[in-house]
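Chains as they are written, first to last, in my numbering: chain V, 1 to 809; chain D, 1001 to 1352.
There may be inaccurate statements among the hints.
[To be verified] Straight line, CA to CA, 30 Å or less: simulated DSS-like cross-link-like pairs of lysine-lysine:
| no. | chain 1 | residue 1 | chain 2 | residue 2 |
| --- | --- | --- | --- | --- |
| 1 | V | 539 | D | 1206 |
| 2 | D | 1095 | D | 1082 |
| 3 | V | 420 | D | 1350 |
| 4 | V | 504 | D | 1206 |
| 5 | V | 9 | D | 1304 |
| 6 | V | 301 | D | 1153 |
| 7 | V | 9 | D | 1288 |
| 8 | V | 445 | D | 1304 |
| 9 | V | 303 | D | 1153 |
| 10 | V | 504 | D | 1193 |
| 11 | D | 1288 | V | 407 |
| 12 | V | 420 | D | 1304 |
| 13 | V | 617 | D | 1206 |
| 14 | V | 532 | D | 1206 |
| 15 | D | 1304 | V | 431 |
| 16 | V | 617 | D | 1350 |
| 17 | D | 1350 | V | 504 |
| 18 | D | 1304 | V | 417 |
| 19 | V | 504 | D | 1197 |
| 20 | V | 358 | D | 1041 |
| 21 | D | 1206 | V | 431 |
| 22 | V | 591 | D | 1193 |
| 23 | D | 1082 | V | 630 |
| 24 | V | 431 | D | 1231 |
| 25 | V | 443 | D | 1304 |
| 26 | D | 1082 | V | 504 |
| 27 | D | 1206 | V | 591 |
| 28 | V | 699 | D | 1304 |
| 29 | D | 1350 | V | 532 |
| 30 | D | 1350 | V | 417 |
| 31 | V | 699 | D | 1193 |
| 32 | V | 290 | D | 1153 |
To be clear, the hints were calculated from the coordinates, so they are not data collected in a lab.
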Amino acid sequence: MQVPLSWLKKYVPITLPPRELAHRLTMGGVEVGGIGEIGTSWEPDKVVVGHVLKVDPHPNADRLRLPTVDVGNGEHITVVCGAPNVAAGQKIAFAKEGARLFNTHSGHIEPLRPANIRGFKSVGMVCSVLELGIGDDHTGILVLPDESEIGSPLADILGDVIFETETTPNRPDCLSMLGIAHEVAAHTGQAVTEPDADYPEDDDPIEKQATVEIADPDLCYRYTASLISGVKVGPSPQWLQDALVKAGQRPINNVVDITNYVMLEYNQPLHAFDFGKVKERRIIVRQARKGEELETLDGVKRKLSPPMLVIADASDAIGLAGVMGGANSEVSDGTTTILLESANFDAVNTRRTAAALKLSTGASYRFERSIRAELAPLALRRATKLILDIAGGKAAKGIIDHYPGEKPAPTVHLTRKRIKQVLGTDIPPDKVESVLTSLGFTKKKSSTKNDGLHLEAPYWRSDIAIEDDVVEEIARIIGYDEMPTTTIATSIPHHAPQPMWELKQRTRDLLAAAGMREIVTYSLTSQATIEKAETLEPKPLAMANPMSAQFQYLRTSLRGSMLETLATNWHTSLRDGLRLFEVSRVYMPTKADLPDERETLIGAIAGRRLPLSWLAKELGEVDMGFFDAKGVVQSLLSSLRIEAAFEPSENNALLPGRTASIVCGDHTVGIVGEVHPRILARFDLTETPVTIFEIDLPKLLQSASAASRSYATASRFPESLRDIALVVDSGVPSSNIEAFVSQHKMVQRVTPFDVFTGGDVPTGKKSIAYEIVFQSEKDTLTSEQVGRALEDILRRLQKEFGAELRSQS
Amino acid sequence: MTAEDASSNISDLQSRALTELETLQDARRLEDWRVVYLGRKGKLTQTLRTLGSLPPEQRREAGQAANRAKTTLEEAYDNHLKTLEEASFATSSTKGRLDVTLPGWPVLRGGLHPTTQIVREICNAFASMGFQVVEGPEVESDEYNFEKLNIPKDHPARDMWNTLWVDYTGIQDEHSVLLRTHTSPMQARIMEKMDSKPVRVIVPGKCYRYEATDATHEWHFFQVEGLAVDKGITFADLKGTLYEFARLVFGQNRKVRFRCDYFPFVEPGAEMSIDCFLCDGQGCRVCKKTGWIEVLGAGMVHPKVLEGVGYDPSVYTGFAFGMGMERMAMLKHGIEDIRLFYSNDLRFLKQF
Chain V
1 MQVPLSWLKK YVPITLPPRE LAHRLTMGGV EVGGIGEIGT SWEPDKVVVG HVLKVDPHPN
61 ADRLRLPTVD VGNGEHITVV CGAPNVAAGQ KIAFAKEGAR LFNTHSGHIE PLRPANIRGF
121 KSVGMVCSVL ELGIGDDHTG ILVLPDESEI GSPLADILGD VIFETETTPN RPDCLSMLGI
181 AHEVAAHTGQ AVTEPDADYP EDDDPIEKQA TVEIADPDLC YRYTASLISG VKVGPSPQWL
241 QDALVKAGQR PINNVVDITN YVMLEYNQPL HAFDFGKVKE RRIIVRQARK GEELETLDGV
301 KRKLSPPMLV IADASDAIGL AGVMGGANSE VSDGTTTILL ESANFDAVNT RRTAAALKLS
361 TGASYRFERS IRAELAPLAL RRATKLILDI AGGKAAKGII DHYPGEKPAP TVHLTRKRIK
421 QVLGTDIPPD KVESVLTSLG FTKKKSSTKN DGLHLEAPYW RSDIAIEDDV VEEIARIIGY
481 DEMPTTTIAT SIPHHAPQPM WELKQRTRDL LAAAGMREIV TYSLTSQATI EKAETLEPKP
541 LAMANPMSAQ FQYLRTSLRG SMLETLATNW HTSLRDGLRL FEVSRVYMPT KADLPDERET
601 LIGAIAGRRL PLSWLAKELG EVDMGFFDAK GVVQSLLSSL RIEAAFEPSE NNALLPGRTA
661 SIVCGDHTVG IVGEVHPRIL ARFDLTETPV TIFEIDLPKL LQSASAASRS YATASRFPES
721 LRDIALVVDS GVPSSNIEAF VSQHKMVQRV TPFDVFTGGD VPTGKKSIAY EIVFQSEKDT
781 LTSEQVGRAL EDILRRLQKE FGAELRSQS
Chain D
1001 MTAEDASSNI SDLQSRALTE LETLQDARRL EDWRVVYLGR KGKLTQTLRT LGSLPPEQRR
1061 EAGQAANRAK TTLEEAYDNH LKTLEEASFA TSSTKGRLDV TLPGWPVLRG GLHPTTQIVR
1121 EICNAFASMG FQVVEGPEVE SDEYNFEKLN IPKDHPARDM WNTLWVDYTG IQDEHSVLLR
1181 THTSPMQARI MEKMDSKPVR VIVPGKCYRY EATDATHEWH FFQVEGLAVD KGITFADLKG
1241 TLYEFARLVF GQNRKVRFRC DYFPFVEPGA EMSIDCFLCD GQGCRVCKKT GWIEVLGAGM
1301 VHPKVLEGVG YDPSVYTGFA FGMGMERMAM LKHGIEDIRL FYSNDLRFLK QF
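Whenever a hint applies, use it, and build me the whole structure from the sequences.
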């Protein structure tokens, strides 16, 4: 909200410099996000009050005129002016040469220069609000009050400071000048003066001239109204227009401006009906009928439905309660009798109506926030007084006040013990009382409790419901920074192990240590990406209100975003090799409840194995493939002390024969494989293969917790090494041979070190060379023992796999 | 054989051995020499063995001569070995000079995403104060994301969190499942689980808002939530804990400032700022010339929230806080655009 300090000063003296005041308000919960200053750029000797002595026609232009202005000290200046409203006798804002003003042609603030306008040299300017930077109306000049002193600096009259405040949803009172004034008063120890609301009443009672009926008291808690006849609708006086403009509102006419002004004063929305248009002089507050139509003041015809609340006359809706008036009862220039409404409507229903019609107004915004019903008659009388003062007319005797929702003012019982329990410090009772008094709380007698304070919240506050609300009031006015600072004195609660969090942390660290770079991608994806990556099953959960097609589905696989990330970096990073991983959740739909959020690891490897290096020129030209990815997975699992087997496997997105499932015990925990080129092509990933691995972390965690970490003594006897090359059918998995050989009690480990096809190896066969390490825990093996063991192994390999010995050493 | 013969043999052997030694230029041949002359089956040992046939007094004399020869040869061996070693070190230090300015072998360097890093740093800071890391669901119910946090349906405070709703048509009511807008729903979940026992946790995780993105707003972001509930926890403890956090993460000399703010699930509510660590509070672009940077929202857990999860608010009090991870990382690293985090351009990621 825009809060001009000139307006605020009508209710509370402001003694602090604006910045200091803004700081205190901000620290106390009413954030001043910006401070606007009006008139600080107007030099006192260059922008002054002028008096129009006479207005002559321009010799060469019908639309231009030549006012002669007394700018003080007997200096008279004649300038060119295009405004139709300039007239002799006016006090106006005059800018002399060099004054810094908003240039309507260039759109910048710049010094005023002499100009030759249609043959007349004009030095100086009669200003509009636009040029002064205090409004956007350029159709006429700004006319100042008659009592303005000729030649005095304009800044002295119009200069102002405007606070831009941010209002939290709990403090609707701070959507008003009086609400802010009460805050200022609490912070500075000043008293608030409420505005004058006394006016003379006519003899004729209002009840005889108008009736109000609340048909739905659950949605309208209070309805007050006054009736003013003989008003003259017209433009508002300058002070009223200025105040509204500075508060960010557009002046319309005196009656409407007054309702807006008082809303900004009290936070109570008001509405003026042209009473001549109210059929049978009856106001009925009822729910809209199904399909009922109403053209609102913004000229839009709206279709209504229950339980939207309307203000109706004897036959039709004439306003949308708490939101906007109807065009059919709008105050216009011809209006003479006004029924002024000041009511209190249900917050939830108003919010739903405004949301359903996509029509948020100053009124609906306030009613949504549950303003107090006590405000209605106060604002009504204040607005009635201003209408009488400004638009003339006579007010009927009394007001209408139906108050079906009346309830006692909220009270709170506050104890010294609770203040200490919450804030951690004992605040002296006299300090507590003085703070609460400054905020407008009143002490009540409690029939039941003797200790503490029984408090009634001030009528403008709707956010005080419990004791802790008052504790906050005390703390924020004294200042949070004045509260003590301690460390928690209670003992640290018992901790439960968090194995998944630990596993994720370790996985990330191990992969980073293995040269992989972590990415984090969006959880939502598009139909297009799902189709491109062929991750169609299971069918993902969708957003009910997606922001865009790009972010429509909760992903069930990390593949799509990984391939997209590869595409983002493909051309810049391929030469150095791309090694990426992500640990994120996928969201698997379940039958009824929330989805199964599974922590998932994906890795992708593509491009050069090594960046360009003089040490390994050839290696730097080799592209990575399946075994690079598998190596990373093996290194990860081995560091996690998890034993895994890699079994040939199939996956529609991966290349047959280049895909392996990762098996830990009885569980398949993941997959590693080269992505099918048809999928790569859709992501524009060309030139080199991409290998990915995916691991389901909850399944991996099961294997990890089963993994043993007990220590085994290393044998102190020497190892014997033998190399053999076997020729087997090309379909025989090496892992089977390795496992078979490892079963021998003397074999410590088996490592394949060469795979060869072609040459003298028959078609359909392959040669694999293994290094076998023999070792005993009991003694040093003799070469005869090793030789016999090797022969035994070879014989059995022949039987099991048809393996022929190709060479041996 | 006579004693003279023996002495002469020994002396011949010694002079032959010494002559030969002079010609040896590498360590392996020196070792061969040692085996030939001084080894267990070497020539000197053999010579010593032949002395057994001499008469006792001659045997002693010849034996002494043999032992002197052995000592002489051993000393000569040690000296020659030393000479050879020194010669070899001298050669090494003058031979094969490298251009040490050439790059080393390219050891691969991976790394963690900046969000992961800041989440860790912040969780570690709180872990040092006894907070335990727990995680919760990202797809949440309206009940936990809002209602149990004292944010009923149709409350204007709901405007503070623009929500992405999950389509559960045909399974649950419209607007009953959502992507969590903050990590705060875990407050209720943890307290329900802990069943009126003390709680001190930190909850990192992804959150989502229906929001247009710009340099400082992202619809997909990480928060860290903290919650401490026990008998006797006060607003002063909240201030002390968060002050310590600010010092751990942003530097020992940081100052903090608390102002009143509103979140429906706390009372009193607060916002914490730290003095700008870039300009030391003098005022710069990052702190918008104020000298202060807002870092987190906090407050005392609202009695209604405690009641709703079965904690007696007249016995238990607690504080909660929440902060955005990307903002923290942006402040620490001088990152100007939040959209860099999840666009995953390696030229950005590799800087962390």
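The hints, checked one at a time:
Proximity of residue 539 of chain V to residue 1206 of chain D is assessed by CA-CA distance (about 22 Å); at most 30 Å being required, the pair is judged to hold. With a C-alpha separation of about 20 Å, the suggested pair residue 1095 of chain D and residue 1082 of chain D falls inside the 30 Å cut-off, and the hint holds. Using a Cα cut-off of 30 Å, the hinted pair residue 420 of chain V and residue 1350 of chain D is violated, with the two alpha carbons roughly 50 Å apart. Between the alpha carbons of residue 504 of chain V and residue 1206 of chain D the distance comes to roughly 15 Å, so the proposed pair stays at or under 30 Å and holds.
Between residue 9 of chain V and residue 1304 of chain D the alpha-carbon distance is near 39 Å, which puts this suggested pair outside the 30 Å criterion. Among the hinted pairs, residue 301 of chain V with residue 1153 of chain D is consistent with the structure: their alpha-carbon atoms are about 28 Å apart, no more than 30 Å. A hinted pair counts as satisfied when its Cα atoms are at most 30 Å apart, and residue 9 of chain V with residue 1288 of chain D qualifies at roughly 29 Å. In summary, the hint linking residue 445 of chain V to residue 1304 of chain D is supported, as the alpha carbons are separated by about 26 Å, within the 30 Å threshold.
Straight-line distance between C-alpha atoms of residue 303 of chain V and residue 1153 of chain D comes to about 24 Å, which keeps the hinted pair within the 30 Å bound. Under the criterion of a C-alpha separation no larger than 30 Å, the hint pairing residue 504 of chain V with residue 1193 of chain D is consistent with the structure, at around 23 Å. A threshold of 30 Å between alpha carbons decides the hint, and for residue 1288 of chain D with residue 407 of chain V the separation of about 46 Å lies outside it, so the pair is violated. About 19 Å separates the Cα atoms of residue 420 of chain V and residue 1304 of chain D, which keeps this hinted pair within 30 Å; it holds.
Simply put, residue 617 of chain V and residue 1206 of chain D have alpha-carbon atoms about 43 Å apart, too far for the 30 Å limit, and the pair is violated. For the hint linking residue 532 of chain V to residue 1206 of chain D, the alpha-carbon distance of about 26 Å falls within 30 Å, and the restraint holds. The hinted pair formed by residue 1304 of chain D and residue 431 of chain V meets the criterion: a straight-line CA distance of about 28 Å does not exceed 30 Å. For the hint pairing residue 617 of chain V with residue 1350 of chain D, the CA-to-CA distance comes to about 24 Å; that is within 30 Å, so the pair holds.
In summary, the hint linking residue 1350 of chain D to residue 504 of chain V is supported, as the alpha carbons are separated by about 21 Å, within the 30 Å threshold. A C-alpha spacing of about 19 Å is found between residue 1304 of chain D and residue 417 of chain V, which places the hinted pair at or below 30 Å, so the restraint holds. Restraint check for residue 504 of chain V and residue 1197 of chain D: the C-alpha separation of about 28 Å stays at or below 30 Å, so the hint holds. Annotation: proposed proximity of residue 358 of chain V to residue 1041 of chain D is violated, straight-line Cα distance about 109 Å (limit 30 Å).
With a C-alpha separation of about 44 Å, the suggested pair residue 1206 of chain D and residue 431 of chain V falls outside the 30 Å cut-off, and the hint is violated. Our distance criterion of 30 Å between C-alpha atoms is met by residue 591 of chain V and residue 1193 of chain D, whose separation comes to about 24 Å. Between residue 1082 of chain D and residue 630 of chain V the alpha-carbon distance is near 51 Å, which puts this suggested pair outside the 30 Å criterion. For the proposed pair residue 431 of chain V and residue 1231 of chain D, the alpha carbon gap of about 26 Å is at most 30 Å, so the pair holds.
Only pairs whose Cα atoms come within 30 Å are accepted, and residue 443 of chain V paired with residue 1304 of chain D is accepted, the gap being roughly 25 Å. With a C-alpha separation of about 57 Å, the suggested pairing of residue 1082 of chain D with residue 504 of chain V is violated against the 30 Å cut-off. This hinted pair checks out: residue 1206 of chain D and residue 591 of chain V have alpha carbons roughly 24 Å apart, not beyond 30 Å. For the hint linking residue 699 of chain V to residue 1304 of chain D, the alpha-carbon distance of about 39 Å lies beyond 30 Å, and the restraint is violated.
Between residue 1350 of chain D and residue 532 of chain V the CA atoms are separated by roughly 28 Å; this keeps the pair inside 30 Å, and the hint holds. Taking the CA atoms of residue 1350 of chain D and residue 417 of chain V, the gap is near 55 Å; set against the 30 Å cutoff, the hint is violated. Between residue 699 of chain V and residue 1193 of chain D the CA atoms are separated by roughly 24 Å; this keeps the pair inside 30 Å, and the hint holds. For the hint linking residue 290 of chain V to residue 1153 of chain D, the alpha-carbon distance of about 24 Å falls within 30 Å, and the restraint holds.
Checked against the numbered hints above, the structure violates hints 3, 5, 11, 13, 20, 21, 23, 26, 28 and 30; every other hint is satisfied.
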